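Trainee: Sequence:
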Amino acid sequence: MTTATLRRTLLPLAPFAIAALMGLPVGLRAQGAPPTPAAAPSFSPEEVGINEKLGSTIPLDLELKGEDGKPVTLRQLIDKPTILTLNYFRCAGICTPQLGGVAEVLNRTKAEPGKDFQVLTVSFDERDEPEVAAQKRTNYLAEITRPFPPTAWRFLTGPSTTTKALADAVGFKFKRVNDDFVHAAAIIFISPKGEITRYMYGVTYLPADLQLAAQEAARGEAQPTINKFLKFCFSYDPAGRRYVLNTTSIGALVIILAALVFVITLVRKGRKTKSEEGQ
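Reminder that position 261 of the sequence shown reads as 437 in the numbering used here, one-by-one numbering, no gaps.
Warning: the hint list may mix true and false statements.
[Stated by the list, open to error] Taking lysine-lysine pairs in the DSSO-like style, the calculated list, with each CA pair at most 30 Å apart, reads:
{"#": "1", "residue 1": "K256", "residue 2": "K369"}
{"#": "2", "residue 1": "K340", "residue 2": "K229"}
{"#": "3", "residue 1": "K351", "residue 2": "K312"}
{"#": "4", "residue 1": "K256", "residue 2": "K241"}
{"#": "5", "residue 1": "K349", "residue 2": "K445"}
{"#": "6", "residue 1": "K291", "residue 2": "K340"}
{"#": "7", "residue 1": "K349", "residue 2": "K312"}
{"#": "8", "residue 1": "K340", "residue 2": "K256"}
{"#": "9", "residue 1": "K286", "residue 2": "K256"}
{"#": "10", "residue 1": "K291", "residue 2": "K369"}
Hints in this document: simulated from the structure, not taken from any laboratory.
Only a predicted model underlies this, so the values are computations on that prediction, with no experimental measurement involved.
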């Protein structure tokens with residue numbers, strides 16, 4: 177096969193490579209190959225996931241219950257950079273590793289709890305009572321080995337109308353399935369004025385990222401999610417309640433990048449040959 181033929185064959189792949197690098201969906205299927213068999217029923221992004229609402233202000237007058245059962249509004253609670261997590265306390269899936277990941281990063285960050293930031297964990301299951309919230313709080317505070325004021329991590333409950341309103345305000349979508357819920361995992365940074373400034377996905381977080389996000393929240397600076405590439409490489413599996421590697425996406429990306437590099441090399445080589453022939 178000549179160089180010119182290779183260029184004609186591979187150049188059409190360049191737009192796919194560019195789209196992949198920009199984080200746009202890319203789909204490849206061999207010609208004549210049968211369609212991929214339909215996967216087991218799953219939940220659509222409209223039902224489960226996170227629709228970022230950076231810069232929006234959450235409803236601060238929503239009233240929740242503290243661990244002692246006393247009512248408290250978000251306006252009363254949020255007076256400093258706040259990390260919000262949405263979970264439910266009977267969750268046997270992703271909530272446990274996520275809250276464990278929060279405890280771990282709180283141990284490692286240089287930011288000062290209670291001053292530079294605080295954490296609010298809100299249950300979206302109306303069946304969770306303050307007593308359960310208090311026990312969860314005790315359990316996770318026990319995982320923190322550094323000096324940490326208990327008031328810097330609150331566990332809150334409330335009626336479904338209230339917690340759903342909060343979830344909707346931050347773009348957190350969950351779905352009830354029998355006695356459980358299907359949902360994603362993320363921590364959401366809120367400014368002292370109630371503005372959403374950043375989202376961090378998954379169940380593990382870097383101390384430096386948390387510290388930077390807390391500083392941004394203190395200034396009220398909404399920042400776009402920086403792990404768009406990670407979201408391309410990983411997707412949340414609601415049925416398995418975990419993040420899974422998108423091997424198809426990654427494999428396609430590797431092939432496309434290799435093809436793009438090859439095409440660029442051929443084009444440059446062709447130009448060089450023409451230049452030499454013209455001399």
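Trainee: State for each hint whether it applies.
Mentor: Outcome of the hint check:
Distance hint between K256 and K369 is fulfilled; the C-alpha atoms sit about 8 Å from each other, no more than 30 Å. Between K340 and K229 the CA atoms are separated by roughly 15 Å; this keeps the pair inside 30 Å, and the hint holds. Taking the CA atoms of K351 and K312, the gap is about 22 Å. The hint holds against a cut of 30 Å. Proximity of K256 to K241 is assessed by CA-CA distance (about 19 Å); at most 30 Å being required, the pair is judged to hold.
For the suggested pair K349 and K445, the alpha carbons sit about 51 Å apart, so the restraint of at most 30 Å is broken. For the hint pairing K291 with K340, the CA-to-CA distance comes to about 28 Å; that is within 30 Å, so the pair holds. With a C-alpha separation of about 23 Å, the suggested pair K349 and K312 falls inside the 30 Å cut-off, and the hint holds. Using a Cα cut-off of 30 Å, the hinted pair K340 and K256 holds, with the two alpha carbons roughly 23 Å apart.
Between K286 and K256, the direct Cα distance comes to roughly 16 Å. Compliance with the 30 Å bound is thereby established for this hinted pair. Pair hint K291 plus K369 holds up; C-alpha atoms about 15 Å apart against a cutoff of 30 Å.
The structure fails to meet hint 5 from the earlier list, while all remaining hints are met.
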